[in-house]
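Chains A and B supply the protein sequences, listed in that same order.
Numbering of the first sequence is given in this note's numbering, commencing with residue 1 and proceeding in unit increments.
Numbering of the second sequence is given in this note's numbering, commencing with residue 1001 and proceeding in unit increments.
If you're looking for bench data, these hints aren't it; they were derived computationally from the structure.
Small disclaimer: the values here were computed from a predicted structure and weren't measured.
We put the beta carbon where it would ideally sit given N, CA and C, even for glycine.
Keep in mind that a hint or two might mislead.
Partial selection, computed: residues in chain B whose CB lies under 8 Å from chain A [to be verified]:
1. L1076
2. V1087
3. I1128
4. P1129
5. V1130
6. M1135
7. S1144
8. P1200
9. L1223
10. Y1236
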Amino acid sequence: MTAVKRNLRTGRIIVKRPTAAKRWVNVVLLVLLALTIWGFLTIETKGTDLGKATVDTIRYFGIMFGRPAGVDTHFGVSGAGSWGVFTAALRLLLVTLALAFLTTLVGAIIALILGLLAARNLTNTRTSNIIKGFVAVIRAVPTVLWVLIFAIGAGLGAVAAVIGMSFHTVGYLLKAYSESFEELDEGVIDALRASGASWLQIVFQAVLPSSATYLLSWTFIRFEINFAVAVAMGAAAGAGGIGFNLFMAAGYFFDISEIGFITYLILAVALIMELVATQLKKRYHIHD
Amino acid sequence: MSSLLIEKTSPTAYFRKQKLTLTLFLLGMIFVSWGASVLTQFDLFDAFAAIPRVAAWMTANLLPDAKAWSRLPRILDKLWDTILMSVMASVAASVVSFVFAILGSVTTRPNGVFAFLARTIASINRNIPVAAWAMIFLLSFGQSSFTGFLALFFATFGFLTRAFMETIDEASASSVEALRAAGASYSQVIAQAVIPASLPQMMSWVLYMVETNIRSATLVGLLTGSGIGFMFSVYYKSLQYRSASLVVLSIVVVVLAIELISNAVRRVIL
Chain A
1 MTAVKRNLRT GRIIVKRPTA AKRWVNVVLL VLLALTIWGF LTIETKGTDL
51 GKATVDTIRY FGIMFGRPAG VDTHFGVSGA GSWGVFTAAL RLLLVTLALA
101 FLTTLVGAII ALILGLLAAR NLTNTRTSNI IKGFVAVIRA VPTVLWVLIF
151 AIGAGLGAVA AVIGMSFHTV GYLLKAYSES FEELDEGVID ALRASGASWL
201 QIVFQAVLPS SATYLLSWTF IRFEINFAVA VAMGAAAGAG GIGFNLFMAA
251 GYFFDISEIG FITYLILAVA LIMELVATQL KKRYHIHD
Chain B
1001 MSSLLIEKTS PTAYFRKQKL TLTLFLLGMI FVSWGASVLT QFDLFDAFAA
1051 IPRVAAWMTA NLLPDAKAWS RLPRILDKLW DTILMSVMAS VAASVVSFVF
1101 AILGSVTTRP NGVFAFLART IASINRNIPV AAWAMIFLLS FGQSSFTGFL
1151 ALFFATFGFL TRAFMETIDE ASASSVEALR AAGASYSQVI AQAVIPASLP
1201 QMMSWVLYMV ETNIRSATLV GLLTGSGIGF MFSVYYKSLQ YRSASLVVLS
1251 IVVVVLAIEL ISNAVRRVIL
C-alpha cells in the first residue's frame, strides 16, 4: 500500500488528489469568471437606465405575449381583417421555411460529395485533412457575413441568402455525414474492394444505403437550425420572410403587439420541428 | 427508409420496393424544391453560377488596403468588446442554466412540477431565435452592447439548460444513485456527485457556447448597433469593402484561435 497522505493542519486523510485535469478546470473557470467580471464592469449601456429598462421589458413582455396582434398594412394586406393578416403572416412563415429548405438541400448535396471525400475510410488522410481544414475556416465566418458578401455579387434576395446560409450547413453536415460513413463496418468495404468493386460502386451499394437513415436524420436536424438562421437572415440581411417583418416591427414601427404575434408564430414552428428532431435523435441515438 | 428493415420478402421484391421508396422520395424532394423556389424566387442555376462570380469578385476587391489596416486598432477594440460580450453571456447563462438543469434533469429533479416548469421555460427560450431576442430587447435597452448581451444570454440559457440536463443524466446518474443509497442529503448529492462528475463536460459546453456566441454576436451587433457587427455594417453600407473584409478576417482569426484553445482545454479536462 502507498503511504496515506494527510492534511498537515487537520490530520484528515486526503482522499482526492488534484489531477492535471482538475487543475485545468479550475484555471479555465477562473479565466472565464475574470473575463465576465471585467465585461460587466466595462460594458457600454449608452446611458440607458437599466432599472427602468428592466421594468419596461417586463411590461413589454406582458403586451407581447398577452396581446399579440399584427397590423394589416405591415403585412401588405391593407384592409384585411385579423384572419387576412394571419394568412399573410403564414405565407411569410412559409417563405422562411422555404429558404431554410433550399439552404438545407443545397448544403446537403455539397456536403454529401465532400463528406464522401472526407471520410477517413473512403479516402486518404491528406484529402480528408485538407477538406476538414477548409471547412473550419469557412465556418469561422458568421453566416450573416457570408450572406452580405454574396449580396454584393448576387444582389439582396433569395440567391444570396441561400448560398450564404449554405456555408455553415455544409460545415455542419460534412462533419455529421463523414462520421456516419466512418462508422461503416470496415469488413463490408474490404469485401467489396476484394471482389473488384469500384469506388463509386462501394459508395452506392454499401455506404449510402446503410447510412441513409442517419443522413436523413442529421439533415432534418440541420433544417431545424436553418429555420432559426433564416429568420435571422430575414431580419439582418434582407433575405425576406417573417424575419424581415420582425425587424420592421421592432426597428421601425415599434409595435410590441406585432413583435409578440410574430414571435408566437416562429415559436410554434420551432417547437414542432424540435419535437420531430428529438424523436429522431432518440430513435437513432444521435447526439449533436 | 426501408433499407434497414429486414423483411420476409424475396430479394427481387425487396429491391423493387427499395427502388420505389427512393423514387418517391426523390420526386417528393423535387416537388418541394420547386415549390420553395417559386415561393422565394430562387433559381438554383443562378445560385451556382453566382459562386464563381462572387469568388472572383472577392479575390479582387476584398484584400484589405492601407486605409483598412489603419483602422485595425478600432476594429480590435470592438472585437475585444465582442469577445467579452460572448464570454459574459455564456458564463452568466451557464449559472442560471445549471440551476434549471438541476431542477429539470431526470436524475436530480426535486419534483415533477419544477421539472416541467424548468423544461418548458428552457424550451421556449431555446426556440425563440437569437435575432428575435435582439429585436425584443432593442426596444427597451436601446442600441448598446448591453442589449446584445441580453439577447445572447437568453438564447444561450435555453441551449445550455438542455445540454446540462443531458450531461447530468449521463455523467452523474450512477454516482447519484450510490450516494442516495448511502443516505446522503440532497445538497450533498449535488455537491459531491453531480458537480464533480459533470463539471468538465459542462465546461466543454460553455466553451462551445463562447465560440458560437462570437459568431452570433456579429449578427446581434448588426441588429442592435453594437460591437463588431456594427463595425462591419458601417463599412459595408458605406461601400468600404476592403475595411469590411478586414473585420471579417479579424473575426476568422479570433474564432479559429478560440476553437484551438477550447480544443486543447477539452483534450486535457475530458
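Structure-based check of each hint:
Given the 8 Å rule on beta carbons, the hint for B/L1076 is violated: about 15 Å separates it from the nearest Cβ of chain A. Hint status for B/V1087: holds, given a least beta-carbon distance of 4 Å to chain A, under 8 Å. Hint status for B/I1128: holds, given a least beta-carbon distance of 6 Å to chain A, under 8 Å. Checking B/P1129 against chain A: minimum C-beta separation of about 4 Å stays under 8 Å; hint holds.
Restraint check, B/V1130 versus chain A: the minimum CB separation of about 7 Å is within 8 Å; hint holds. For B/M1135, the shortest C-beta to C-beta distance to chain A is roughly 3 Å, which falls under 8 Å, so the interface hint holds. Residue-level restraint check for B/S1144 holds (minimum Cβ-Cβ distance to chain A is 4 Å; threshold 8 Å). Checking B/P1200 against chain A by beta carbon gives a least distance of about 6 Å; that is within 8 Å, so the hint holds.
The interface hint given for B/L1223 holds, since its Cβ lies 5 Å from the closest Cβ of chain A, which is under the 8 Å cut-off. Residue-level restraint check for B/Y1236 holds (minimum Cβ-Cβ distance to chain A is 6 Å; threshold 8 Å).
In summary, the one numbered hint that this structure violates is 1.
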